[in-house]
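Engineer: For the record, the sequence lines run as chains A and B.
For what it's worth, our numbering labels the leading residue of the first sequence as 268, then goes sequentially.
For what it's worth, our numbering labels the leading residue of the second sequence as 10, then goes sequentially.
In case anyone wonders, no lab produced these hints; they're calculated from the structure.
Heads up, a few of these hints could be off.
Claimed, not checked - Some chain B residues flagged as far from chain A (calculated, every beta-carbon gap over 10 Å):
| hint | residue |
| --- | --- |
| 1 | Arg68 |
| 2 | Thr76 |
| 3 | Thr132 |
| 4 | Gly171 |
Said to hold, decoys possible - Below, a list of computed lysine-lysine pairs in the BS3-like style, where the Cα atoms sit at most 30 Å apart:
| hint | chain 1 | residue 1 | chain 2 | residue 2 |
| --- | --- | --- | --- | --- |
| 5 | A | Lys299 | A | Lys381 |
| 6 | B | Lys127 | A | Lys299 |
| 7 | A | Lys475 | A | Lys384 |
| 8 | A | Lys475 | B | Lys127 |
Predicted model only: the values in this text are computed from it and were never measured.
Cβ coordinates follow ideal geometry from the N, Cα and C atoms, glycine included.
So you can see what is in the structure, the chains are spelled out below.
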Amino acid sequence: MSLATPSTARALPPATWGRVRQSRRVADRAMKIIATGFTLLAISVLFWILGMLVVKGLGGLSAATFTETMPGPGSEGGGLANAIVGSLVLTFLGIAVATPIGVLAGTYLAEYGKGSKLADLIRFINDILLSAPSILIGLFVYVILVEPLGGYSGWAGGVALGIIAIPVIVRTTEDMLRLVPGPLREAGSALGAPPSVVITSITWRAAKSGMVTGILLALARIAGETAPLIFTALNNSFWFSPTLLGGVSNLPVTIYQFASAPYENWQQLAWAGSLIITVSILVLSLIARRIVRGGK
Amino acid sequence: MTAVTDPMSLPAAGAQRKTPKGTFDIVFRNASLLSALFVLVLLAGIMLSMIIGGWPAFREMGLGFITSSVWDTQNDQYGAWPAIVGTLSTAFLALLIGVPLSLGIAVFLTQLAPPWFKRPVSTAIELLAAVPSIIYGMWGLFVFVPLFAAYVQQPVSRIVEGMPIVGTILYAASPSGLGILSAGIILAFMIIPFIASIVRDMLDQIPSVLRESAYGIGATTWEVVRHVLVPQAGVSIIGAIMLGLGRALGETMAVTFVVGNANRLSASIMDPGSTIASRIANEFNEAIGLQLNALIALGCILFFVTFVVLVIARILVARVKSF
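Put together the whole structure using the sequences plus the hints.
Structural biologist: Right, dumping it as structure tokens:
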């Protein structure tokens, strides 16, 4: 730690001391006000968005929103029941695809691949996928699943959401497994347990809450994704087929299509849908954060 | 001889005794390895599918696909130039607005906020990242755009009209509120949480001895930030900014709502334009034949641009995280 001190001395030329006290104080005060103001601005945008959703969304929210299907053009009333159920199906399909792959890949990076070049490469690529534009993943699934199979389907939508969720789960799983102290593993190995048993019944168990957090974060990430669904599950004004072939109704694409529609009940439903989806995602994120904090 | 082989063969004998466990061990190990390799397959698959899907458009238009400004679905002529310029200019404006805001927030969180205040503010900033893109689009279109048209575009257009250069860049021919600058501002708020939280973590990692010794010789908070913290965080701040740039380049729904979706290229940032992502989202479901290939080719360009940006970002961010 004391090694770092010389760089401080280099960074602060003492020659400017004393003479410019007034301007130094003004610069300091200005920086503090600007930084505080910027923070207030960002927070007020968050509350502005939430306030807008509550004000406009509550007006469109009623029991019918959860029981009736989407209204046709020009017809009265209607709800979002099919879109809500469709969104739940697609999101859980995505998580079902992503969880085994993500957890196993994260386990490889943290346990088996420690220090290997291959693990470094995979970790690097995973970080890139983590921030890759979701629209590209939608196009990718369109090219490999929708076009060859000849139509939009819920399966393609679930796969697209799963691909977006995988890097999130890989990253949190690896981070959480790394927090498990080595002596726990050594104790397991000393009892004669093979690596797979040490990992599944000791390391995973110790990191359980952290790994659940990763899955919750992935859930929050994909629940509001719109762009990839436009190319894969599209939408459906009616109840979708139980085989999930053909368009599957979902909230994000419905919001996209209803928001600027000329019918007032469509716009109201778009606001109600936005409120439902945002509140669910924010609650999920807050729960995930709470678990992480409790685990520490 | 036996003394040497005995201890070596002991674990093997132990493994043989529990054959089912041994099999599970191998299966589990290989399943993990395959899952990890799947991450590589995904990236390669995305790259290949973009190249193959967009190939007919690249072959048909040649280099003109990138340089041409014509997007004519009737005559099957496609040029990506306006969308490329729109993508780069919205992302650039987002950085111009978002980076100072993010740095200010990171400084506030690490240096100025009292401890009890730091956590709720951090949470609020991070929740900005959890709000879905389409909700930013709704807010942008229905709340921000009308205000922006009335209180920024119209007065500014009135002032700059007829001025050289500024009159071109800032003049809105039809002050609807939609346009490149509106998209840039919305994008700025979307990338703030990513840049701010990485920079905050970077600043938190810097040993407090450094700060304390700077304060000890009489430095003000601003001087500590400017001369001690920023040089220490160094390239990782640039990495965080690049990460934000990667986000801004590929953002789709929010931009589609507010950018105006005009196919032509305008010299003014107040005028409607389009980005690669917004054009794909807008036209994809009605596209057939070569138009479909042209849209995937647009995706291919977006892929390579964001890939390069994200690779640089990760290298720069990783360099400091390891210390």
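Engineer: Against this structure, judge whether each hint is valid.
Structural biologist: Hints, verified against the model:
{"no.": "1", "hint": "Arg68", "in the structure": "17 Å, holds"}
{"no.": "2", "hint": "Thr76", "in the structure": "23 Å, holds"}
{"no.": "3", "hint": "Thr132", "in the structure": "7 Å, violated"}
{"no.": "4", "hint": "Gly171", "in the structure": "33 Å, holds"}
{"no.": "5", "hint": "Lys299(A) with Lys381(A)", "in the structure": "43 Å, violated"}
{"no.": "6", "hint": "Lys127(B) with Lys299(A)", "in the structure": "15 Å, holds"}
{"no.": "7", "hint": "Lys475(A) with Lys384(A)", "in the structure": "27 Å, holds"}
{"no.": "8", "hint": "Lys475(A) with Lys127(B)", "in the structure": "28 Å, holds"}
When the structure is compared with the earlier hints, violations turn up for hints 3, 5 and for no others.
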